[in-house]
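Undergrad: Chain residues, written in single-letter form:
Number of protein chains: 2
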Amino acid sequence: MRIVPAEEFDLKRESDYGTPEQNEAVKEIVRNVRREGDAALLRYTEQFDNTKLTASGLRVQHSELMAAYDEVEESFVTAIRSAAERIRSYHQKQKRSSWMDVQPDGSILGQIIRPLQRVGVYVPGGKAAYPSSVLMNVIPAQVAGVPEIVMVTPPATGGTEGINPYILVAAAEAGVTEIYRVGGAQAIAALAYGTASIAPVDKICGPGNIYVALAKREVYGAVNIDSIAGPSEIVVLADDSAEAAYAAADLLSQAEHDEMASAVLVTTSPALAKAVSAEVERQLELLPRRDIARASVDSYGAAIVARSMDEAISIVNKLAPEHLEIMTEDPMGILGRIENAGAIFLGPYSSEPVGDYFAGPNHIIPTNGTARFSSPVDLDDFIKKSSMIYYSKEALLRDGETIMELARREGLEGHARAIEIRLEQESQTGGNSK
Amino acid sequence: MRIVPAEEFDLKRESDYGTPEQNEAVKEIVRNVRREGDAALLRYTEQFDNTKLTASGLRVQHSELMAAYDEVEESFVTAIRSAAERIRSYHQKQKRSSWMDVQPDGSILGQIIRPLQRVGVYVPGGKAAYPSSVLMNVIPAQVAGVPEIVMVTPPATGGTEGINPYILVAAAEAGVTEIYRVGGAQAIAALAYGTASIAPVDKICGPGNIYVALAKREVYGAVNIDSIAGPSEIVVLADDSAEAAYAAADLLSQAEHDEMASAVLVTTSPALAKAVSAEVERQLELLPRRDIARASVDSYGAAIVARSMDEAISIVNKLAPEHLEIMTEDPMGILGRIENAGAIFLGPYSSEPVGDYFAGPNHIIPTNGTARFSSPVDLDDFIKKSSMIYYSKEALLRDGETIMELARREGLEGHARAIEIRLEQESQTGGNSK
Chain A
1 MRIVPAEEFD
11 LKRESDYGTP
21 EQNEAVKEIV
31 RNVRREGDAA
41 LLRYTEQFDN
51 TKLTASGLRV
61 QHSELMAAYD
71 EVEESFVTAI
81 RSAAERIRSY
91 HQKQKRSSWM
101 DVQPDGSILG
111 QIIRPLQRVG
121 VYVPGGKAAY
131 PSSVLMNVIP
141 AQVAGVPEIV
151 MVTPPATGGT
161 EGINPYILVA
171 AAEAGVTEIY
181 RVGGAQAIAA
191 LAYGTASIAP
201 VDKICGPGNI
211 YVALAKREVY
221 GAVNIDSIAG
231 PSEIVVLADD
241 SAEAAYAAAD
251 LLSQAEHDEM
261 ASAVLVTTSP
271 ALAKAVSAEV
281 ERQLELLPRR
291 DIARASVDSY
301 GAAIVARSMD
311 EAISIVNKLA
321 PEHLEIMTED
331 PMGILGRIEN
341 AGAIFLGPYS
351 SEPVGDYFAG
361 PNHIIPTNGT
371 ARFSSPVDLD
381 DFIKKSSMIY
391 YSKEALLRDG
401 ETIMELARRE
411 GLEGHARAIE
421 IRLEQESQTG
431 GNSK
Chain B
1 MRIVPAEEFD
11 LKRESDYGTP
21 EQNEAVKEIV
31 RNVRREGDAA
41 LLRYTEQFDN
51 TKLTASGLRV
61 QHSELMAAYD
71 EVEESFVTAI
81 RSAAERIRSY
91 HQKQKRSSWM
101 DVQPDGSILG
111 QIIRPLQRVG
121 VYVPGGKAAY
131 PSSVLMNVIP
141 AQVAGVPEIV
151 MVTPPATGGT
161 EGINPYILVA
171 AAEAGVTEIY
181 RVGGAQAIAA
191 LAYGTASIAP
201 VDKICGPGNI
211 YVALAKREVY
221 GAVNIDSIAG
231 PSEIVVLADD
241 SAEAAYAAAD
251 LLSQAEHDEM
261 ASAVLVTTSP
271 ALAKAVSAEV
281 ERQLELLPRR
291 DIARASVDSY
301 GAAIVARSMD
311 EAISIVNKLA
321 PEHLEIMTED
331 PMGILGRIEN
341 AGAIFLGPYS
351 SEPVGDYFAG
361 PNHIIPTNGT
371 ARFSSPVDLD
381 DFIKKSSMIY
391 YSKEALLRDG
401 ETIMELARRE
411 GLEGHARAIE
421 IRLEQESQTG
431 GNSK
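One line per chain: the protein sequences are A and B, in this order.
Residues in the first sequence are numbered consecutively from 1, following the numbering used here.
Residues in the second sequence are numbered consecutively from 1, following the numbering used here.
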């Protein structure tokens with residue numbers, strides 16, 4: 001891994017908005033599903049997933065879900081259950097209540113907080129299945145109280161209708177209420193606009209390939225969508241107290257995700273930079289996914305040597321990484337100075353995979369520097385809020401003139417008159433009495 | 001206003017994504033401001049706002065702000081101050097704290113909640129100035145603790161550099177920290193990417209014309225943006241206890257905004273539908289903005305007669321209106337059955353303008369049916385959250401195997417090894433001791 005002085009480092013970031021052809025293809029798929037419903041879904045499933053289904057075969061049956069439990073190891077069920085329990089427990093701490101403010105004049109103001117009614121979660125198909133992502137997308141919705149949580153995932157290619165049993169078990173444990181075997185842009189269109197078989201949702205979450213991402217962009221507005229994730233990132237901020245082998249292993253756990261993943265060490269210690277760099281080389285060669293990790297480390301990895309902890313912290317804040325590990329003598333002393341980071345891991349035992357799978361906080365975290373203004377997925381992503389205004393007669397009589405002054409200043413006489421007509425009528429019918 | 005039976009009503013909704021030419025123009029402006037900075041800003045300000053500025057003239061001086069107070073009526077300052085105080089007080093009730101969960105094994109999980117660092121607020125120029133929108137955009141940011149709140153607004157056309165003094169006073173009262181006289185897509189580009197004179201922000205809020213809206217879409221990702229508002233909407237849900245004249249006045253206060261605004265009565269009472277419809281006609285003719293209100297009422301207005309309160313409520317939930325007034329005998333009894341509405345006004349004295357200007361809740365509210373999944377502007381729009389994970393050695397030794405099982409199941413051996421290397425090393429250097 002290359003070692004660079006702080007002043008020479010600039011993080012490469014890439015965004016993928018698709019080619020014009022991909023954009024056009026997605027628009028057409030969405031248009032057709034919107035127009036033709038199930039018929040289009042089935043046609044695209046045959047075309048893209050080599051699977052011939054009937055409309056009644058779209059929905060995964062309860063018996064298939066139960067059968068999935070027989071196909072997976074018991075140790076997996078136990079593991080996913082403990083993870084689900086911890087994730088649920090963390091997200092439960094974010095619960096918020098509707099509130100109201102009862103005022104002395106009899107007015108009541110408030111905010112009503114309610115779960116979304118129906119949420120769709122996309123789960124990619126293909127060889128690699130990520131049950132942990134199912135937990136991280138579904139559990140916050142379920143804890144928020146969303147009554148209908150719909151999962152869509154493509155059928156396994158090659159003519160079988162099957163869905164990865166680990167995904168099915170994770171879905172059942174997380175609290176998914178309906179599952180459909182459909183993927184790609186066509187699944188997103190079905191969730192957004194509905195078909196005879198799939199009722200439309202309020203929000204669509206979950207990762208997918210470029211077609212899925214473009215389709216989410218395309219339907220945004222008709223439904224809400226989560227943010228579209230870029231390649232994964234880790235920054236390890238370390239001083240010379242850090243264990244080089246741990247730092248290297250954690251950097252590699254990020255680099256193995258994706259050739260475009262970024263793993264960066266920021267340190268005040270030139271010796272540590274050297275040691276971590278050497279450890280990265282050593283451990284990298286032993287990884288099954290070494291080709292991916294190598295590409296990531298070579299293109300996006302670096303060990304940055306800062307001249308002071310102040311400079312190191314300011315680099316971290318500029319990078320605004322998705323994951324930040326602080327491996328310094330006193331990590332809590334640095335925490336308060338971190339302005340921008342999606343998830344912050346403190347101390348030698350808080351390895352990033354602890355958070356990816358198990359600790360409780362969500363692993364869906366803003367990438368690409370957007371931690372500057374975005375947040376990890378949490379309950380707030382699955383609620384909606386309504387303001388409530390009950391104004392008393394006393395309050396209206398007191399404030400009416402002021403409201404009319406402001407409305408007239410903006411040239412909105414109709415607004416003023418909506419107040420005026422009440423002031424006039426109420427003074428005719430008994431004046432200031434309540 | 002036309003009276004329609006429930007089963008025949010369907011709300012027209014329109015979205016404006018601009019023409020291809022407008023989109024291209026905006027892309028070019030953003031590109032040029034990004035590349036040339038202030039030079040492009042000044043050029044576009046001369047071209048679009050007929051105002052020749054120098055870079056040092058972009059920023060509005062403190063003395064100009066003070067002078068604005070001399071240009072407005074004292075009654076306006078008093079009114080805007082009371083409104084600001086109420087809005088501030090309501091938003092303060094939304095304050096949330098960072099929290100942590102200290103676990104028996106010594107681990108600490110938490111969520112750190114912090115304000116955004118720098119926010120940009122767009123304020124449209126033109127003849128109509130809306131000081132109330134300045135309050136509604138700026139106060140939540142200020143209460144959330146955002147230290148830098150930047151306002152941009154175009155200079156008055158016709159060669160003067162002046163800015164509407166009502167806007168300036170509202171900005172000062174709301175807590176804006178910097179003001180620049182620049183508007184249009186060029187202002188949005190400057191806020192997103194920064195120029196020598198204007199430092200970039202984390203989020204851009206505020207309404208604007210189609211060029212501003214397209215520019216916000218264009219820069220989204222580099223910065224966050226608020227949602228893009230559609231035409232304003234009101235639904236009045238009423239039974240025969242409602243005062244027809246009040247309902248009509250409130251419907252018209254919405255209709256006068258915009259020819260595309262929508263004002264709809266939903267009632268169980270055919271007699272009230274008739275009375276409100278007649279009152280709308282009568283009051284409409286007296287309004288200064290009667291042409292706009294007429295166009296809105298004719299195209300988007302209706303009095304819908306439902307066969308039961310259940311049906312009426314279900315229509316409201318389907319419409320998911322920006323503003324909902326409930327004028328029934330027992331409005332609180334209906335509140336809990338309203339699933340989708342941005343702001344809910346209860347009883348005869350809670351006229352919508354009370355909320356537009358004064359009561360406290362925000363008047364920036366989801367339009368176009370998006371109350372199904374979006375919320376009025378509040379403090380949540382101006383914060384970012386970071387997850388915090390401090391895992392103890394004890395916890396890692398306990399959970400390490402489970403985490404490795406989950407990582408290996410997903411084929412991410414590098415993740416497993418980041419845990420394994422710690423388990424091995426810690427057992428060599430003293431096993432289970434903390």
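It is possible that part of the hints are untrue.
Chain B is faced by these chain A residues, among others (derived, beta-carbon under 7 Å) [unchecked claim]: (1) 224; (2) 227; (3) 275; (4) 413.
Ranges between beta-carbon positions, derived for each pair [unchecked claim]: (5) B/25 with A/20: 49 to 55 Å; (6) B/100 with A/106: 37 to 43 Å; (7) B/106 with A/73: 29 to 35 Å; (8) A/74 with B/5: 57 to 63 Å; (9) B/5 with A/401: 36 to 42 Å; (10) A/20 with B/59: 54 to 60 Å; (11) A/401 with B/209: 42 to 48 Å; (12) A/43 with B/291: 45 to 51 Å; (13) B/77 with A/106: 53 to 59 Å; (14) B/85 with A/20: 34 to 40 Å; (15) A/220 with B/70: 26 to 32 Å.
Treat the hints as calculated values from the structure; they're not laboratory data.
None of the values given here were measured: they were computed from a predicted structure.
Glycine included, every Cβ here is placed at the ideal spot set by N, Cα and C.
Undergrad: Are the hints correct? Go through all of them and say.
TA: A quick look at each hint next to the structure:
1. Here the hint on residue 224 of chain A is kept, as its CB sits about 4 Å from the closest CB of chain B, short of 7 Å.
2. Checking residue 227 of chain A against chain B by beta carbon gives a least distance of about 9 Å; that is not within 7 Å, so the hint is violated.
3. Of the supplied interface hints, the one on residue 275 of chain A is violated, with its beta-carbon coming no nearer than about 14 Å to a beta-carbon of chain B, more than 7 Å.
4. For residue 413 of chain A, the interface hint holds, since its Cβ comes within 7 Å of a Cβ in chain B; the closest pair sits about 5 Å apart.
5. Distance hint for residue 25 of chain B and residue 20 of chain A: a CB-CB separation of about 20 Å, inconsistent with the stated range 49 to 55 Å.
6. Roughly 39 Å separates the CB atoms of residue 100 of chain B and residue 106 of chain A, a value that falls within the hinted 37 to 43 Å.
7. Range check, residue 106 of chain B to residue 73 of chain A: about 31 Å between beta-carbon atoms, so the 29 to 35 Å window is met.
8. Checking the proposed 57 to 63 Å range against residue 74 of chain A and residue 5 of chain B shows it holds: the Cβ atoms sit about 60 Å from each other.
9. For the pair residue 5 of chain B and residue 401 of chain A, the supplied restraint of 36 to 42 Å holds, since their beta-carbon distance comes to about 41 Å.
10. Distance hint check for residue 20 of chain A and residue 59 of chain B: the Cβ-Cβ separation is about 41 Å, which falls outside the suggested range of 54 to 60 Å.
11. Under the hint 42 to 48 Å, the C-beta atoms of residue 401 of chain A and residue 209 of chain B, about 33 Å apart, miss the expected range.
12. Look at residue 43 of chain A against residue 291 of chain B: about 50 Å separates their beta carbons, and that is inside 45 to 51 Å.
13. Between residue 77 of chain B and residue 106 of chain A the beta carbons are some 28 Å apart, a value that contradicts the proposed interval 53 to 59 Å.
14. About 52 Å separates the C-beta atoms of residue 85 of chain B and residue 20 of chain A, a value inconsistent with the hinted range of 34 to 40 Å.
15. Look at residue 220 of chain A against residue 70 of chain B: about 46 Å separates their beta carbons, and that is not inside 26 to 32 Å.
Of the numbered hints given earlier, the model fails hints 2, 3, 5, 10, 11, 13, 14 and 15; all others are met.
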